Amino acid sequence: MNLFASESEVLAPLMSGWFLEHAWLIPVVPAIAFALIILVGKRLPMKGSELGVLSMFSSLVLAAGAGYQWIQRTNSATEEQFVEPVIKSWSWWQSGGFNFGIGQHIDGLSVLVLIVVAFISTLVQIYSLEYLRGDRRYTHFFAALTLFSGGMLTMVLADNMILFLLGWEIMGLCSFMLIGHWWEDDANSKAALKAFFTVRTGDAGLLVGITMLYFSANDWTQEHLGVSGFSIRGISAWALSGEPNSTVITIAAVALFIACIGKSGQFPLHTWLPDAMAGPTPVSSLLHSSTMVVAGVYLVARLYPVFFVGLDILGSGGNLIMVIGAITIVISAALAFVQNDIKRVLAYSTVSQLGYMMLGLGAGAWMPAVFHIFTHAFFKACLFLGAGSISHSASHHSFDMKRDMGGLRKVMPITFVTWIISTLALCGVFPFSGFFSKDEIIDNVGHNGYTNFMIIGLIGAFMTAAYMTRATYLTFFGEPRGASAGQMVHDSHDLHDTHATHDTHATHVADDSHDSGEAHGPHESGLLITVPLMILSVLALGSGFLNATPFGESWERMKLWVEPRHSEFAPELHHAPFMWSKASLSLVIVFAGIAVSWLISSRLFTKRDPRLVGLTQRVKLLGLGHKFLVNKYYLDALYEKVIVRSIAYPIASAAYWFNQNILDGILHGLANSTRKLSGWVYKNIDQRVVDGTVNNSATFTKSVGAAAQPTQSGKVSQYGALLFSAAAVAALVLVIINT
Amino acid sequence: MIAQNIGFWIIAIVMIVAALRVVTTNNVVHAALWLVVVLAGAAAQYILLAAEFVAVTQVLVYIGAVMVLFLFGTMLTRARIGTESDLNNSYKKLGIPVGLVMFVAMGLALISSFGDEKLPQTATVVSTQEISDQIFGPYLLPFWALSVVLLAAVVGAIVLARKD
Amino acid sequence: MFVNQFLFLAAILFCIGVYGVIARKNAVLMLMAIELILNSVNINLLTFALRNGSTDGHVFALYIIAVAAAEVGVGLGLVLLVYRNKKTISLDDLSEMRG
Amino acid sequence: MLSGAELQNLNILAAQWVAPTIDYHGLAPELVLAGGLCLVLILDLFIDDRKKWLLSAISSFTLLAAMIPVLTLGLSDVQVRSMFDGRYVVDNFSLVMKGVFLLSGYVVVLLSSSHVEEGEYWRGEYWFLLLTSLLGMLMMTSSRDLVSIFVALEFLSIPAYMLAAWRKRDARSNEAGVKYFMLGVFASAVMLYGMSLLYGVTNSTLLVDIASKINVDGEFSAVHALAVVFVVVGFAFKVSAVPFHTWAPDTYEGAPTPVTAFLSVASKAAGFVALVVLIYTAFPLAQDVWQPFIWVLSALTMTVGNVLALKQHNIVRMIAYSSISQGGFVLMPLAVAGMPGSGESALRSVVLYMIIYAATNLGVFAVILSVSRKTRSGEISSFGGLFSYAPALGVLMTVFMASLAGIPPLGGWIAKFVAFQSLVQSQSSWGYTLALVGAVNSVIAFGYYGNVMREIWMRPVPDGDSTPIKTPGSLVIALAITSAATLIFGVLPGIGLHFADLAEIAGAISR
Amino acid sequence: MNMLQENNWLLSVGTFLPMVGVVLMMLMPKAQDQSVKLVALVTSIATLAVGIYTAFKFDFNQAEKMQFVANEKWISVIKSSYFIGVDGISLPLYLLSMVITLLVVIYSLDHVPSPGKPKAFFSLLLVLQTGMAGTFIAQDLILFFVFFELVLLPMFFMIGVWGGEQRQYASIKFFLYTMFGSALMLIAFLALFFKTGAESFSIPYLIENGGSIAKNVQIWIFAGMFVGFAVKVPMFPFHTWLPDAHTQAPTQGSVILAAILLKLGTYGFVRIALPILPIAAREWAPYIGGLAVIGIIYGALGCLAQTDMKRLIAFSSVAHMGFVMLGISTLTSFGINAAMFGMVAHGLITGMLFFVAGSVKERYHTLEISKLGGMLTQMPHLGWIFGFCTMASLGLPGLAGFWGEFPAILSAYSPAAGLNESVFRVFMVIAALGTVLAAAYLLWLYQRIAFGTPKNAAHDGHSNHDELHDVTVYEWVAWTPLLIAILVLGIVPNLLFKVLDPAVQVTLSAFGG
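Residue numbers (the working numbering), protein chains in the order written: chain P, 1 to 739; chain S, 1 to 164; chain H, 1 to 99; chain X, 1 to 511; chain B, 1 to 513.
No lab work stands behind these hints, which were simulated from the structure alone. Some hints here could point you the wrong way.
Unchecked claim - Straight-line distance between alpha carbons at most 30 Å, and here's what the computed DSSO-like set of lysine-lysine pairs gives: (1) H:86 with X:213; (2) B:361 with P:190; (3) B:455 with P:190.
Quick caveat: nothing in here was measured; it's all calculated off a predicted structure.
Between the sequences and the hints, there should be enough to build the whole structure, so can you do that?
What follows is the structure, encoded as structure tokens:
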């Protein structure tokens, strides 16, 4: 502490405020709400949901207040001054010289994520009021949702790793509860199991990492900062102090990163995430797009100094985080092409976007990556909720784009518009928010010298644009199919579509109270659904301007507020100067992706529709006069035959095959072989060897008895013989000894 | 001394032979008679060992009383007077090694401890008075006890042996 | 006379008695074999009495003779009892209880 | 060897015979008992058949009356009363053991009374022989010379031989008696040979003299070894140590059950008393012979007794093997009794073990007798479901079994504990090894004790007849005494240990 | 010290009060089942009241010192005395045993297992209580041993009489194992006694003097104790009695086994083995740690292989106690704190799981996992409670299980001075993997049992359908305290650590701080 005291005295005093000082209330509110919902929820008029919404809203207000005061705080600092985070900690328990604290660590990053989480949670809860109305476990759902938010908020403002871990695990638990919300079906509960288990697998890394960091850092932090080795601030400072042994910190960083891989669905542990779409759509929207999966990214951002030093970010030609991030981007984007399930497309897209964040963090592009967390949350939540809206009101609870959707732009205008905005944001089209974050990441990756990774990023951007366009086309354009065309529910669903049955399941119960009569045809969703969509789409459009690098320094508000200035607590990072040339390159790529995909999609899917065959023929013939269409036509064949058929599909399919058979296979194989191993160990080691020894010793005892029994022949002479011979032998032995 | 020695050896050999016959003969009555020979030989040896009173007691009690008991026992259990084939165990050879081992143990011990030690030359015969002084002095209590033992043996044996 | 000549006589009688006990199954003969052993003990005692010049051995021998008589009495009583119930005094046949 | 002059002296001594002084207070317990047995024998002649129950009452009163002088002796100021030149000694050790014999005799009388009344026994003679045997035991506790020990041994054995065959019509009982008798005679023959050698090499029958001459200057001849081994064999038979145990199961099984109780407790205890007396007063310096011998005996006894007990179906036979194995535990500390420092604790352990074992085992027989009155069976399986129709007996049997298995807080544990303590106290590898053997055996032992508990608690009633058992009053008293003793010794071991703390006799050995 | 001896009657009363209840019950006529239950209930409530009063009187500022010390003559010949007292280590376990007994009694009011005989059943329960409480307060090795063994018989009968189909085998196995261990332990105690000069069996005395025993002797003595305690814990490879005993025992028996009896072993390590024989402990620590992590992995694998719910929970005990032993093997105060916490937490959680398993068995008449399913549909409350316990058991932060597990792992990173760090770090990683496996088997269990649709085949048609009632009042009353405790200890672990820590520090003073 003394080391830095003199320095900070010179600098201007930082502003603080009630909201900053009491930020710890933010997770406490939902925690209390959770308990109340569990205890009295069912007796309340809205069955506890009002408590959830209210608590999230209060958290949002608190978070917003904290955000406002934080901005004031940063403004009160000088340009180069490190803005001290508002840290409060209390001792939670101590034992054996260990002091486990509880407290808050409020800085730009945490305030940012707090606001995002509270905001998205509020909207999702409002959305769920409608979406899950009448569900048999309505109260439980809100309880879990609230607890989830509480967990996430706890994790975000944790001042030490133990509290961090607590929040982290509570989220894992809630994800289990929420994914498995409709656990009557095996597939759902298995998905829940898989999700929690995969995440837990990564958590072993977190445990190891925390432990290693604690023991390596504790002495230093106690001496210099007077805090324990669990403290995030302490660890950060220690990592940058040049003190740590490079091996230790590297291993610790890798261990922590393993946890992030599990939580953030990075390659190769990403397979749980698409399966987790089995949960209700609001859950997907909240947990698996904008908040929970971001936890892994958040961990990297939070303990950035550790990773920075441990993995030698900026110091080498590439590192683990970047490699994993890059692989994830491509792999999952490719996968998104072959999905028919709209939520799965979004899920893979999430994975891919998380890959961007990781890539950015790995490449030293801290600010863009964090900013991407921010923007991504809005547009991805919007997309998911949009998908939910479609399924809820138009496709009769199906998520199958090919069979049950199409042409919905007309019936669901609001959903359509919000979807398009969010899609453009996701694709990174100027001026939608995604552009300002994703493009920045790619730009900075290149700027920091990782050209190869930048190219991968660009390829990813292309693919993103393409698959989103495909999905959009299938959903909103073309002619309505299946349920969206008013057909009745299919009784036999595809295998990987089972969750759809369960969204059905949910609302079947509600049919009597639900006036919209969804079975009668597609229509726009109610206000409780559309309003959140609209809010989110506005943010998807506008949030990018909070850090709009193209417009110069003065627009980079977020950087000012969030990015820690270089100090003992934060590594020094450089930003790529914005250049329109580079930006336009990526924009071109994005548009190319959209265009190509659009063309292919329209041709492909239209062609496949038997009712449109004639039309297609006519278009083909009439196309001579429409250069644009004609060109499309020629390219169409080319793309379809050469690119799509021979490259995209094989690659994507291969990736999917790889995913299903190799990665999942390995996972399942691991699970199976563990199960088999355990069976074998149990049968052979436990029952035969260990237990067998015991049982055999009993047998042995008995056989000794059997061997001794003949001495008991019942014949006096033999008894006498035994008596005398024993006496004789004893005498002989002792006589000889004593002679 | 020499005469005593000769006497010892003759009696000893007779005793051993007789003892062997006791344990090998196939006639119960013969066995009893061979036992008389052994007991008588023992009495003779006691005299050589200057224990007249014991020798007399031996003759009285053993040859006089115990042998009669044996013969009665033999008769009451209707053993045949002639030879019998069923007197021995099938595993009687087991007795030989046991006896031999025991003998080796005893022999080793006796040789190593007493070697060629000799008995006192001037053996005065222990008088009956000395013995009675002992019995009614320090060994009085066993004597009392013995009376109860014999009473119990008599009472018990009668109860067991009588028909009822 | 050597001490050992008496002692060995006793030892031999003892061992013959042991053989007899093991070899015989007729109860009366077994009792006789025991008498051999008891006599060997008496020879021992009297030898030592002479060797040590004390009378304790004599007293001891007398007690043994008396007890032996009692034992034979009890033994024959038991033999008779057995004979009455089983019509045999072959002790090998007395092996109803074993194991 | 001796000069003429010395012989002359002996003659003079003999000539000057004076009547030995007799401390009648010291002999009072024996005299009371002797009077009682004469009374029984005589009354038996005059009493009408229907009033024969009086004899059991007289017997039990005799035993309790004999306890009075034991108590007065214990309270008197004279610590040690020595008679007949030290051949008969009344010290605390002998008093404690006398008390044990008298009280267990009393319990045996209680056990016998209903049994004897109902069976076809010669009642008057039964009590007479029982008291005779007990008198022999009292004598054994005080005997300190070879002749007395030998006579006492026969004193207590001869009536017991006959009692074992007391169910005259029953071939098994006859067999039991004959086997016991034959083996008993073999063993006493061997023992006598050993005693003759002892007398030969030490020229004394007095144990203290033997002790002073047995190992004069560290030299230890082969005859000493032979003598010690043979003498120990004689008592090893009595305590049914393997391989001298063979009679025990057959005799226990065949003999009338109260007699079995008597044999397994009192007779065995008498064997231990003699063994202890010999080891502590006659052979303290011969430990190189008897320690290894007893070590082997103890290990064998525990193990063989246990493993054979596991296979038994008959409850009494199982108890027979169990008591063999318990004998092994009693022997355990004696295997290290000659080592520096552990003599005293070994003695304490043996005495305590005997006391507690007596209480527990008699209790077991009381339950067996009570139960067999209903089931008329000796099979272990006849105990099936006992708890359901006779909970009190079930619980008591459980208590006794658990005590035998050495489970706290029942008496058996402190007995085993003290035995282990003594072994460990020797701090020798012999001690540790035997302790391990004992530990393993105490676990095996639970196999059959637990089996009985399992029958009682967890199995159905074999014949479905679950009418309650009517226990005669005498058995109830016996059960009360034994169970109370078992519990009290376990919970407050200090009481038992108080009696077992007999420093003076151990004094000879604990250097 | 004088102040610490105030109210020293409290412990004796608390320990032996149940015996009064037993005597009362014994005196009662056979048929009066209701009054038997009443006596049992009243006795256990009174016992707990005394326990709470004890806690109230306990000076938490001196948690490191023995309090309510009573030292009376007992077996003076062998220098053993009735020496009792509690400190911060004992108190939580002492109280836990009382609480668990009361809850089990409450549960049993409605659930006397077949074949009935409530009088015997409640008597055994109360005898067990005395034994358990006594073990935790005994400060004399012999007294400790007596109490330690006192619990054997009641448990033997509880398994053997009221257990499942294989009950007789299981009960004998349980007994033989434990007896074997305690026989060796007894010899070790004796050796310890003589090697410290045969002065006293009192634990404080031995702690003072035990350290001076020669190293190789210490190692052997420790070996004896190790076997005794390890059987009870149970550690691999002495664990095979546990699944059988747990599976076959009646619910109440399983609960007590899991909640208290297993703790006797670990408590023995902490209270006796480590402080008295510090040098040997240091030598043994790597092996204990190794066996502990083997137990963690092995128990988890065993769980995965199970098809029986109760057996699975039983195997999970092996794994959880592995964490406890890992904590102990580090010989650091932190590790032992973790272990102590783990003991309490495991007691609460696994006890609760066994309660649930018992109720499942009662309703479905089977514990075959393949025949169960959809519990949440049929009995939502039971399902949620089960879920809660599952989560607690797999070490979810915020619930009690975590504070036993994670600190144990943490402590393994830096074991006490003199222990091989790299070995323990390997242990740490393996243990961390063990948490993954724990999640696997528990979640899988939960998924199979609670989720899905009910398999009606499990209870042959409709005949038993009416039995599928949700949690009953008795169950609620018995379980709520446990559930609350799991939660409260998870949120405020300091409640326990505050008490434990000073005492653990003192315990470890033999290791030089």
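- Query: Against which earlier hints does the structure fall short, listed by number upward?
  - Reply: 1
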